[in-house]
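As given, the protein sequences belong to chains D and B, one line each in that order. Under the numbering used here, the first sequence has 17 at position 17, and the numbering climbs by one with no breaks. Under the numbering used here, the second sequence has 1276 at position 276, and the numbering climbs by one with no breaks.
Hints may contain errors.
Unchecked claim - Partial chain B-side listing against chain D, Cβ under 8 Å, derived:
#1 ALA1123
#2 GLY1127
#3 GLN1169
#4 ALA1170
#5 PRO1177
#6 ALA1303
Stated by the list, open to error - The following residues of chain B were derived to be distant from chain D, with all beta-carbon distances above 10 Å:
#7 HIS1121
#8 GLN1265
#9 TYR1367
Source of the hints: derived by calculation from the structure; they are not laboratory data. All C-beta atoms in this analysis are idealised placements derived from N, C-alpha and C, irrespective of residue type, glycine included.
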Amino acid sequence: MQYLLTLYVDESIWPKMTREQQEQGGAAYMAYTEALKAAGALKNSNRLQPSASATTLRTTNGKTQVQDGPFADSKEQLAGYYLIDVPDLDAALTWARRCPAVGHGVVEVRAVWEMS
Amino acid sequence: MDAQEGGAQARNTADAVARRSYGKLVAYLAARTRDVDAAEDALAEAFAAALSDWPRNGCPENPEAWLLTVARRKFLDALRNNRRTEPASDQLERMAEGLAAATDEREFPDQRLGLMFACAHPAIDVGIRAPLMLQAVLGLDAAKIASAFLVSPATMGQRLVRAKQKIRQAGIPLRIPEREELGDRLETVLDAIYAAFAEGWIDASGTDVARRELAEEAIYLCRLVTELLPGEPEAMGLLALMLYAESRRRARRDAQGEYVPMAEQRVEDWNASMIEEAESLLLRACSLEALGRYQLEGAIQSAHGSRRRTGRANWNEVVQLYDALLSYAHSPVVAINRALAIAELEGAQAGLDAIEGFVGDPRLVEYQPWWAARAELLVRTGRREEARHAYDIAIGLERDEPVRRFLDRRRSAIIS
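Extracted from the complex, chain D is given alone in its bound form (with noise of 0.2 Å):
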């Protein structure tokens, strides 16, 4: 089963952060990254630019709006994602826990709808 794991982080840490915790951090990440790939799990996966540069389109009273800003206005935003390949979702989670998001942020866990 694909599962899409999405991260949300607090984004005003990271620009605080040192040079060399930025680098870190970028490190983790990346031997995460690593791991899923050596294992054959990684689908696919990609880190975001900031929620500020997001642009969000609804349709109210049938008129499409486009607004400046992420969907949810909440401390954690959308930060990336990472679409996994595993047999269910114990395993799924077994990845989410080794995520460094877990560590600063929160980590959804979604299976993706199968098509036939």
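Got chain D; can you put chain B on it based on the hints?
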């Protein structure tokens, strides 16, 4: 054999198979697809087919195999026709092959434990784990579970459907977890079983059939865990704990149906064979040298029960065990019971001192045993007004009529 007789025999056989093999059949059908709902539906159809076929053609030699064959066919039909699961066609074929391969086996594998681990998975809402297990493993219907858990049948039905959807959509596996995870995961299974037992235990008089049966079903489930996963001391501890409690069920009411507190129960009314089984379970668990919460709670019950052999409860041991239990579960509930034991050993004031820190704790405002325990200790230290007030609240929170009358008698006995 006339038709009526054949119908009765078919029904008896079907009931016996349902009791013996329901969970096994559901687990087997759902193991590959994780579709518990479809497995239950297919099995229900197979049972209905049996009730119309068996009276005419006689009960089959191997009723389980008969039911499995019919259920498997219905199950695959439903999966093929149902777009909601949308399994890829090659996946469906694999499933069909997997199920067909087992047709010839007289004995199909027992995957009930895997089903229980799925029902009590950490990804399933904690409040629905016990009801889900009762339904999926034992085949209890939603209305019966709802009445035991005091919620409306519609609400319970919806929550059960949601939980089964989650198993299927999120891909929760029906299997025994890996060794490194087993401890934590087993704890969630045992907690769910104990939650079912506790719901059944509230009805002390045993007049509410749904509730009394719930306690028995919980014991049955825990027995299953100890049989399918031998060598797990906490499972043995929980089984012992429930057997001790169940052994005193009859003694909790006198001939007039009035509530009898443990200290005043006639030990002859305790069920000796249940106590003996519990004792030997605890000994076996203890020899495995991995202490845990349920073993400690079982041991506390054992110490209470020493009155049966020695004429008095071993309060010293009870207090020590509660001390140990507090280190596993630092809950106010444990603290209250510990305080009552301390009061027996060192006097009521010492008991009150032990729970002084919980006065005003918002978690205890609606917790009846807190007020009843406090009232009891306040009476013994002569703080009559405060005791009356605490009894009032305890009575107001109690839902069992005989216990309410008991508390009321205690309150009236306070000399003004």
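Exercise. Close enough to count: is the Cβ of GLN1169 of chain B nearer than 8 Å to one in chain D?
Worked result: 6 Å, holds
Exercise. With d taken as the least Cβ-Cβ distance between HIS1121 of chain B and chain D, does d exceed 10 Å?
Worked result: Per Cβ check, HIS1121 of chain B is inside 10 Å of chain D; nearest 8 Å; violated.
Exercise. Once the shortest beta carbon distance from PRO1177 of chain B to chain D is found, is it less than 8 Å?
Worked result: Since the shortest Cβ distance to chain D is 7 Å, the answer is holds.
Exercise. Does the CB of GLY1127 of chain B sit less than 8 Å away from some CB of chain D?
Worked result: 19 Å, violated
For this session: Would you check whether ALA1123 of chain B satisfies its interface hint, that is, whether its CB is within less than 8 Å of any CB in chain D?
Result: Result: holds, 6 Å to nearest chain D Cβ.
Problem set entry | ALA1170 of chain B as an interface hint toward chain D, with CB separation required under 8 Å | 5 Å, holds
Exercise. Does the claim that TYR1367 of chain B lies outside the interface with chain D hold up, using a Cβ gap greater than 10 Å?
Worked result: About 32 Å separates TYR1367 of chain B from the closest Cβ of chain D, which puts it past 10 Å; holds.
For this session: Decide, holds or violated, for the assertion that all CB atoms of chain D are farther than 10 Å from the CB of GLN1265 of chain B.
Result: The assertion about GLN1265 of chain B holds, with a minimum of 45 Å to chain D.
Problem set entry | Supplied contact hint for ALA1303 of chain B, tested at 8 Å Cβ to chain D | 39 Å, violated
When the structure is compared with the earlier hints, violations turn up for hints 2, 6, 7 and for no others.
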